[in-house]
Structures are given as structure tokens and as C-alpha cells.
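Chemist: In case you want the letters, here they are:
2 protein chains.
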Amino acid sequence: MENLLRYIHSLTGFSPGNWRALEPALTTIVFSKDEYLLQAGKVCDALFFVSSGYCRAFYNKDGQDINTAFFFENDIATNINSLATGEKSDFSIQASEPLTAIRFDIKKLREVSLLDPAIEALGRKCLQQIAAKQEKHAAMFKLMSPQERYEFLEEHDPGLLQRVSLTQLSSYLGVARETLSRIRSRR
Amino acid sequence: MENLLRYIHSLTGFSPGNWRALEPALTTIVFSKDEYLLQAGKVCDALFFVSSGYCRAFYNKDGQDINTAFFFENDIATNINSLATGEKSDFSIQASEPLTAIRFDIKKLREVSLLDPAIEALGRKCLQQIAAKQEKHAAMFKLMSPQERYEFLEEHDPGLLQRVSLTQLSSYLGVARETLSRIRSRR
DNA sequence: CACTGTTTGTGACGATTGTCACAGGTTAAA
DNA sequence: TTTAACCTGTGACAATCGTCACAAACAGTG
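Heads up: the sequence lines are chains H and Z, in that order.
The first sequence: position 179 = 179 (full-length UniProt numbering), numbered continuously.
The second sequence: position 107 = 107 (full-length UniProt numbering), numbered continuously.
Just so you know, the hints here were simulated from the structure itself, not pulled from any lab data.
In this text, a Cβ means the ideal position worked out from N, Cα and C, and glycines have one as well.
The reader is advised that the hints may include incorrect statements.
Some chain Z residues judged to face chain H by a derived CB distance under 8 Å, without partners named [stated by the list, open to error]:
{"no.": "1", "residue": "I76"}
{"no.": "2", "residue": "I80"}
{"no.": "3", "residue": "A118"}
{"no.": "4", "residue": "E120"}
A few chain H residues that don't get close to chain Z, going by computed Cβ distances all over 10 Å [as the list claims (entries may be wrong)]:
{"no.": "5", "residue": "M1"}
{"no.": "6", "residue": "G17"}
{"no.": "7", "residue": "P24"}
{"no.": "8", "residue": "L109"}
{"no.": "9", "residue": "E111"}
{"no.": "10", "residue": "H137"}
{"no.": "11", "residue": "L143"}
{"no.": "12", "residue": "Q147"}
{"no.": "13", "residue": "R163"}
{"no.": "14", "residue": "Q168"}
{"no.": "15", "residue": "R182"}
{"no.": "16", "residue": "R187"}
Covered by chain H, per the in silico footprint, the following chain Z stretches (three or more residues, Cβ under 8 Å) [what the hints assert, rightly or not]:
{"no.": "17", "region": "95-104"}
{"no.": "18", "region": "159-166"}
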């Protein structure tokens, strides 16, 4: 909970009153490894602030998992598309280790946003962060070769490389597991 | 201008009063082919609603252009990252044909947002749309081969294929110009 | 410690792609 | 019409990557 407060303060000004208004929209949830925060085919109705542990977002293509994102401590995990449009999610979010998250119920969040501009502002900042993250990630694929993408992560997100297994990482980088193993071995 | 009104109404409710409040933030700008809407290295301080013509977003990597997005009529072109953080843009946006755009000045937009919740809501919806677009585009790269990406565009965005030249399109799909030429010829 | 299941490393081979070089087309201006 | 600049198609060849197969390393369990 202290992490969440720090996170919120890093984004926007927030008074004790704002906090009291926000609180009814929040629930702390503990997930065991492999439990789902969001299942493909269901409508996404919440954001999750990761307190401890981490989770992954993945598509299932022809029976194979393809990871598109990892969310660690102080990240917000959700499906913006599904959240905004009410359409079914086409990917899942699943705990990769035991995970504690603070769930933001979107319905309640919208209610309190109408009453409190600071909460409204918080929501917008979150959106911006998520959009910015997507933009950077998409650019990585267009600008770099598989090896360069790996080196980019080494420099900009070494924590991710340490925590995510090779198998999980390979689809995230868009290469075969074997190729990633060889990229690693030749350095 | 009518296009912009239609676009706004498709996103959120808007009264004549809201429109009057928004108008001071807007300017109509005509760009000739190859003029810049945003230059890499400068801070992005506006959003552009494309009225007619189209433009491209591109990175320059080792002297070569790599296109990351195309914006057509009724699209919003901007750099979310630079807009939100005030950092310099690491890509440019340039008119690919003569282009008319409505410029949303971000400074003025923020001012009127504070006064009018409907404008605030509009801004948030735009953000959502942009984030959603990014998410889909990034997924395309992880889930598909070059040929599949081309076929995906044929199905979901045929207009883009008709208007963008092969050379411009190739970097957008992440393949060499020659490879794209061959993908086209073998169908 | 042995057993089992999972993850990682590696070799061989074929398929795809990038690069280089050049030819044919198209467009626009002189 | 001619010229020049640009875009597109194509062949040859090398580099990279994916796939398949299997061995080695590791983790958890009884």
C-alpha cells in the first residue's frame, strides 16, 4: 500500500481526502503462481497495481503462448483496449510467481472520478504511462534486430532479464527459444 | 472542421458551449508534401487531427528512415511520450502528401481542460484510442511473420496499402524493400 | 538419493530474409 | 520529347533464423 501511495504521488498531487475517495475502488488480492488476473475472452473490468511478484500478458497463438508484456512491482497491468471499449480481451494476464496486487475496480473508479478531479487526473496519467510504454516497445521491434533487442533490454531493463526465464523471454523478443539461447551464448 | 466535429461526437458528448471553449486551442494548418508536423529533437507541444492527406511518423536510424506509423483522415498524429514528459521527440512526423490538419495546442488544451470536464474527457478518450492503437500494432509484430503482417493489413487496413508506396511500407512492416516486393509478387 | 518433469544448450539442416547489383518503369520538370 | 530522379522488380549469394532432435543441467518430491 505504501508503494501505491509513492506511485500515485510520483504521478500527481494527492491529498488525504483524495485518498479516502479512491479507497472504495481498491481491493488487495493475493494470487498464487499461474493464477489469472485476466482471462482471454472475458471483458477487462479492472487495473492491477503490482505490489510484489510479477505477471505476464500473453496471447495464445495456435496453442502456443506468446508473451507481450511483463509487469513487475509498481507497474500497472491491464488491457486498455478491453477496458475502454468493453470488448472481450484477446490476451490473458497471469501471475508468473506468487503475486500481490491492488485491484482498481473500473466501475467504481469512474464513479469517483466524476466527483474528484485528482482521481480523474491520476487515471489520465496512468493512461499516458501505458501509452508511452507501448510506443517505446513497438519501436523496439521496428528499429532493432533480435540481438539488438536483447542488448537493449540488458541496458534498459536488466531486472527483467534476471527474473524472466529464457523460454518466457524468447516469445517476448519475437525469436525462437533456441535463437535466444544462442544470442546469450555468443556473448 | 465538420470531420473534427464528427470525430469528437463519436468519442464523447459535446455541447455548443464545449465547442466554444475548445476552439481557442485549435488552428487549421496546411502543410505541403514533405513538411514537418514534428521534428525529431524538438519537444512535441501539440496534437494534429488530420483533415485531408496523410503523414508518417519515422525514426532515423543510421541515416535510414524507419516508418512507425501512418496517419490518415480522422487520425490523431502526435508523440504521446514527448507530449506527456516534455522530453525531446526521438522521431519526426512529416506530410507524405499535401495535408490539412487541425492543430490542438497542448498548453491551451490543458487550460481549457481544467475549466470544462467535457474537454478533459475528450483528451482522455484520445489517449485511450492512441494507446489501443499502439497495443494492437505491437502485438502484430510479435504474433505474425512478415508475410502474415502484410496479409493482416490487406484485411484490416486495405486503404493503407493503396496509399503508401512499397518503399515506405517496407520499413513499417519491418522488412527490406526487396522482401516486400517478393511478398507481393508471390500472391 | 533416486525419480520425474521442466528448462536450457547444441548440432544439423532447410527456409526466410537481407544485401548488393542492376534493369525496367514511372513521374515531373526542362 | 528528353532528361533526371525516384520507385519497383529480380537474380545471386550470404547471413540469420526456425525447426527438429536430443543431451545436459536443474528443481522439486518422495
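Chemist: Does each hint hold? Answer for all of them.
Modeler: Hints versus structure:
Because the beta carbon of Z/I76 sits about 12 Å from the nearest beta carbon in chain H, more than 8 Å, this interface hint is broken. Evaluation of the Z/I80 hint against chain H yields a held restraint, the C-beta minimum of about 5 Å falling below 8 Å. Restraint check, Z/A118 versus chain H: the minimum CB separation of about 12 Å is more than 8 Å; hint violated. Taking 8 Å as the C-beta contact cut-off toward chain H, the hint placing Z/E120 at the interface holds, the least distance being around 7 Å.
Listed as outside the interface, H/M1 is consistent with that label: its C-beta sits roughly 26 Å from the nearest C-beta of chain Z, beyond the 10 Å cut-off. Listed as a non-interface residue, H/G17 keeps its Cβ farther than 10 Å from every Cβ of chain Z; the least gap is roughly 19 Å. Interface exclusion of H/P24 from chain Z stands, the closest Cβ pair being 21 Å apart, more than 10 Å. Every beta carbon of chain Z lies more than 10 Å from that of H/L109, the smallest distance being close to 12 Å; the non-interface claim holds.
Distance to chain Z confirms H/E111 as a non-interface residue, since its nearest Cβ pair spans about 14 Å, more than 10 Å. Not every CB of chain Z lies more than 10 Å from the CB of H/H137, the least distance being 5 Å, so the non-interface label is violated. With a least beta-carbon separation of about 6 Å from chain Z, H/L143 fails to lie farther than 10 Å from that chain, contradicting its non-interface assignment. For H/Q147, the shortest C-beta to C-beta distance to chain Z comes to about 15 Å, beyond the 10 Å cut-off, and the non-interface label holds.
Chain Z leaves H/R163 outside its interface by the beta-carbon criterion, the shortest separation being 19 Å against a cut-off of 10 Å. The claim that H/Q168 lies off the interface holds: its Cβ sits roughly 13 Å from the closest Cβ of chain Z, which is beyond the 10 Å cut-off. No Cβ of chain Z approaches the Cβ of H/R182 within 10 Å, the least distance being about 20 Å, so the stated non-interface status holds. The claim that H/R187 lies off the interface holds: its Cβ sits roughly 22 Å from the closest Cβ of chain Z, which is beyond the 10 Å cut-off.
Only residues whose C-beta sits within less than 8 Å of a C-beta in chain H count toward coverage, and the region 95-104 of chain Z has 0 of them, not enough to reach three; the restraint is violated. By the rule of at least three residues with a Cβ nearer than 8 Å to a Cβ of chain H, the coverage given for the region 159-166 of chain Z is violated, with 0 such residues.
Consistency with the previously given hints fails for numbers 1, 3, 10, 11, 17 and 18, ordered from lowest to highest.
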